[in-house]
Amino acid sequence: MRRVARVWAWMLLVAALFAPLLANDVPLVARVDGQLRVPALASYVGAAWEASGPRDDRVQTWREWWAELPATGGPGADWAVMPPWPYGPLMERDLANRNAGPSLAHPLGTDDVGRDLLSRMLWGASRALLVGAGAVIVAVAIGLPLGAVAGYAGGGFDAAVTLLIEVFLCFPALFLVLAIAAFMSSSLLAVVLVLGAVSWPSFARLVRGEFLSLREREFVLAARGLGVPGWRVVTRHMLPQVGGLLRAQAALLFAAAVVAEATLAFLGLGAGESWGAILARSREPAIDGAWHGWLFPSLAVASTVWCLHALAAPRPLVSLGATPTARPRPDR
Amino acid sequence: MLRTLPLRLARMVLSLVGITVVTFLMMDLAPGNRAELAVAGGAHDLGAPPRAGSLDLLREQWGLVDPETQRPYSVWERYGHWLARASRLDFAGPGEDPAAFRRRILDALPVTLLLNAVSLGVALLVAVPLGTWLGLRAGSAVDRAASGAMFFVWGVPEFVVATLLLLAFAGGWGEALLPGRGLQSDAIHAMSGVERALDMAAHLVLPVTSLAIAPAILMTRFLRDSVAKAAQSEFVRALRGWGLPESFVRQRVRANGLSPLVTLCGVLLPGLVSGSIVVENVFSLPGLGSLAFRAAMDQEYPMVMALTLLVGVSTLLGTLLSDLLHRAIDPRVELR
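So the sequence lines, in the order shown, correspond to chains A and B. Just add 298 to the spot in the first sequence (first one is 1) and you have our numbering. Just add 4 to the spot in the second sequence (first one is 1) and you have our numbering.
These aren't lab readings, by the way, just hints derived from the structure by calculation. Please note that a few of the clues may not be correct.
[Stated by the list, open to error] Ranges between beta-carbon positions, derived for each pair:
hint	chain 1	residue 1	chain 2	residue 2	range
1	A	LEU524	B	ALA121	50 to 60 Å
2	B	GLY197	A	LEU461	29 to 39 Å
3	B	PHE239	A	GLY587	51 to 61 Å
4	B	LEU29	A	SER485	49 to 59 Å
5	B	ARG12	A	GLY528	28 to 38 Å
6	B	THR8	A	VAL302	40 to 50 Å
7	B	ALA88	A	SER485	31 to 41 Å
8	A	PHE316	B	LEU329	24 to 34 Å
9	B	PHE252	A	GLY587	52 to 62 Å
10	B	LEU321	A	ARG515	34 to 44 Å
11	A	SER485	B	GLY84	24 to 34 Å
12	A	VAL302	B	PRO76	51 to 61 Å
[Said to hold, decoys possible] Incomplete in silico selection of chain B near chain A, CB under 10 Å:
hint	residue
13	LEU20
14	ALA90
15	ASP203
16	HIS207
17	ASN260
Given the structure is predicted, the values throughout are model-derived calculations rather than measurements. We put the CB at the ideal spot given by N, CA and C, even for glycine.
Whole structure, please, built from the sequences with the hints as guidance.
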């Protein structure tokens, strides 16, 4: 079970990281007027297609350039290497071919304006990865130091942090994200920052609790007795003890962020390439039997959650013994 | 309990202050200068540059400057003014009738309360028997199969479940078995009392199902573990050692395993509210979730602030209530 989850996680990671190189409607490498260009790489920095394409009075975009290419011919002429899957997020609408079921040309079918679903799903994976990883990084950056110092130092600082955690836990995450995302733009950075900002309390609470009990353990007392400075006790002696727990919590948080992002996009407050947005747009076609439009994005979100939860499980997924060791934490 | 209750209440008041500060700062600091935005937006709509006095007027209306001296208020002054109005339950924006504003919230509140109460009830009805039953059989084949099944259902997000239910039962594929929009049929006025209740129940089936799945699984797992733990404890061996009948022992195990469930109900509240936003949106229910969603989309700051405060405070009260209940049920529990 864990092995399946690990393999799937790696596949999602590769798909997400290399989506612009795997599925794109601009060439990986192209020679234009004697110059080598790498337009697909430009997707990583978000450059507009037209801006990175060749510009003269005959051709406007890479697509048109590509269509005219065979005509130029001859030795030393322009050439291009296309990505393995030659469809990108800004591909043209193909209204004659909309809501087509899976076929050899489009293994996952097409969406409601005839765009290839496989490439949209790949780009959705990279969106999910960005949001999930970003939210975890922000949450760890806030929650880990606060929780660690509160648990180690105790006293007034601990009381203040505990109160702050309690206050933030009173707000439902999705509600806050919705409120803030609507006021700020629904840009990637805003969604990441907000998701991280609402999920740090669970991290801080976990670390604080662990550090409270670790503080009384013999090896920590020994280190402090030997005169090891406090920051070193925290980072070198106590932090490694909670590594596994932190990784598990990070995986759960990652899954929650992916779901929250997809939910926002489903409600209409996110980027179009998100899995949630694909599902939202396929609701109408699904009534007329276009099952692939909702099945694949739903499976993508659910399988991401499954594999992250399986990797986070502290014990074998199905406990064999009769004694449960850990109480399930309600994850938020 | 009487000794620790004041402490608990004092902490709650502090949390309450914290909630108001967070709510206020979030809305006050995030959008930048509201008056300028409003004027710029209005000018854009009219296609004309803003008139000289309009910016000052809007600043006054939004409470950003002192009306007498035109001195800009500091953040904390604005917070104080907002809090003073909030304590009178007056959250309306400038140029809006506070009573009408309250009316909008009060009209939506019952829908969400009904939806969440029924969902929580259904979740309890499923989770309590199932969780205790599985807990008493911890480690068996049934238990393992149930754990696996719950793992997979737990991973499916609410919006996927809601969409699927809508497609499957509300006329997406084949006959519409159940209504999928709103809370009442159009022909409600021609119905008798019983018919109305049945009509509403039919409208609630799909939303409640999508909303109840997550808490039901959470509670079942929690109960299964807590009952299994109780079954392992010393007192059970003692009871068995005295030769008491197995049914009696199981009853004690159940009672011990069930009591922590009360605290979980308080924890579930924020999740239910988040779920309401999705479910009310998909099933077009006129509740707080829809209200919050529309307010966020229309950038209606006063409404979002009021609802955020409402949700935060009710969660705080829910947590306190469940802690007190737990203490009442299980005298060994200490209130922190």
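Results for each hint:
{"no.": "1", "hint": "A:LEU524 - B:ALA121: 50 to 60 Å", "result": "58 Å, holds"}
{"no.": "2", "hint": "B:GLY197 - A:LEU461: 29 to 39 Å", "result": "49 Å, violated"}
{"no.": "3", "hint": "B:PHE239 - A:GLY587: 51 to 61 Å", "result": "59 Å, holds"}
{"no.": "4", "hint": "B:LEU29 - A:SER485: 49 to 59 Å", "result": "21 Å, violated"}
{"no.": "5", "hint": "B:ARG12 - A:GLY528: 28 to 38 Å", "result": "32 Å, holds"}
{"no.": "6", "hint": "B:THR8 - A:VAL302: 40 to 50 Å", "result": "48 Å, holds"}
{"no.": "7", "hint": "B:ALA88 - A:SER485: 31 to 41 Å", "result": "35 Å, holds"}
{"no.": "8", "hint": "A:PHE316 - B:LEU329: 24 to 34 Å", "result": "53 Å, violated"}
{"no.": "9", "hint": "B:PHE252 - A:GLY587: 52 to 62 Å", "result": "57 Å, holds"}
{"no.": "10", "hint": "B:LEU321 - A:ARG515: 34 to 44 Å", "result": "38 Å, holds"}
{"no.": "11", "hint": "A:SER485 - B:GLY84: 24 to 34 Å", "result": "33 Å, holds"}
{"no.": "12", "hint": "A:VAL302 - B:PRO76: 51 to 61 Å", "result": "60 Å, holds"}
{"no.": "13", "hint": "LEU20", "result": "9 Å, holds"}
{"no.": "14", "hint": "ALA90", "result": "16 Å, violated"}
{"no.": "15", "hint": "ASP203", "result": "24 Å, violated"}
{"no.": "16", "hint": "HIS207", "result": "19 Å, violated"}
{"no.": "17", "hint": "ASN260", "result": "14 Å, violated"}
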